[in-house]
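*Asks:* Sequence:
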Amino acid sequence: MRRDRSGRSLARDGSRRSPQLQSWVRVLRGRAALVAAAICGALAFTTVTDGGRTARVVSPLLPEFDAVLGLAGFGLDQVAIAGHRFTTDIDILDALDLPNARTWAQFDSEQARMRIERLPWLATATLTRRYPGRLDVKVVERKAVAVWQHGSRETLIDITGRNLSDIRPGTVAGLPRYQGEGADVEAAGLAAIVARHPEIQSRMKIAERVAGRRWSLHLDNGTTLHLPPDREALVLDGLLSRTRLLRLVTEPGRVVDLRAPGRIAIRLQSSASGPVASPPQAGGRLVKAGE
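Each residue of the sequence shown is one higher than the one before, counting from 0 in numbering that gives the first Met the number 0.
Don't take every hint at face value.
Stated by the list, open to error - Restraint ranges, calculated between C-beta atoms of paired labels, are given here:
1) GLN77 to ASP229: 51 to 57 Å
2) SER269 to GLY237: 24 to 30 Å
3) GLY261 to ILE158: 30 to 36 Å
4) GLU180 to GLU250: 28 to 34 Å
FYI, nobody ran anything at the bench for these hints, they're computed from the structure.
For glycine and all other residues, C-beta sits at the position ideal for the given N, C-alpha and C.
Take the sequences, apply the hints, and build the full model.
*Replies:* Here you go:
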């Protein structure tokens, strides 16, 4: 099509086309595009139904429809995964459920993202479409902050208490350990309290959840602190704010019972192995919290 210097179209004889004629040209072009789309659809229908003689219900036709979309460049045939260390490619691919979503028309990215984020180690997932047929998956994994001991099992947990993966007992060192049923759920609250007291945090070997109600802290020097079911932060603040009471924590082999309001019971650790949760015995001593 020829145009003059101003960009307006010219007829074959060189004369300028009227605006009305140009409008009709645009309409005809649009209708031609619709006719072309209809022809493509008819060809696709003819291909998958043998000219309409074997037409069936829609659901059995989906594989053939997927094949047509794939040939048209709408197939999903490549996945790139990044950001994972403890989660396998297979787990992420299974969560994508690609066998049931072979084309972009079938793939639900939001549902796929939610399935990926339900995997134990994964915190977030971002799915990005790259044309023509590539899907980029970028994940962020959770951080293991402690070991939860329950029965004969040990499990890595994150700051929220989410179970990440089981490990062989004794294979992970350098992480605080929480013991007992329900300890994984309550670990975050105790960790926040203990973090305010480096004297306890640096020495804590095992935090034992007793009867699902309270904590006993077992330190690396053999001393055990029995905390009450509530007021843990207040009790530790009072204990560690006084030099004389702080010394009780650093002395090895002691049982410091903080469960009674306003009093601290102290005794020597028994020779029996395992957590000590009994009340003060004869030979122990009571110290008022204010001393």
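*Asks:* It remains to establish, for every hint, whether it holds in the given structure.
*Replies:* Against the structure, the hints:
no.	hint	in the structure
1	GLN77 to ASP229: 51 to 57 Å	holds, 55 Å
2	SER269 to GLY237: 24 to 30 Å	holds, 26 Å
3	GLY261 to ILE158: 30 to 36 Å	holds, 33 Å
4	GLU180 to GLU250: 28 to 34 Å	holds, 31 Å
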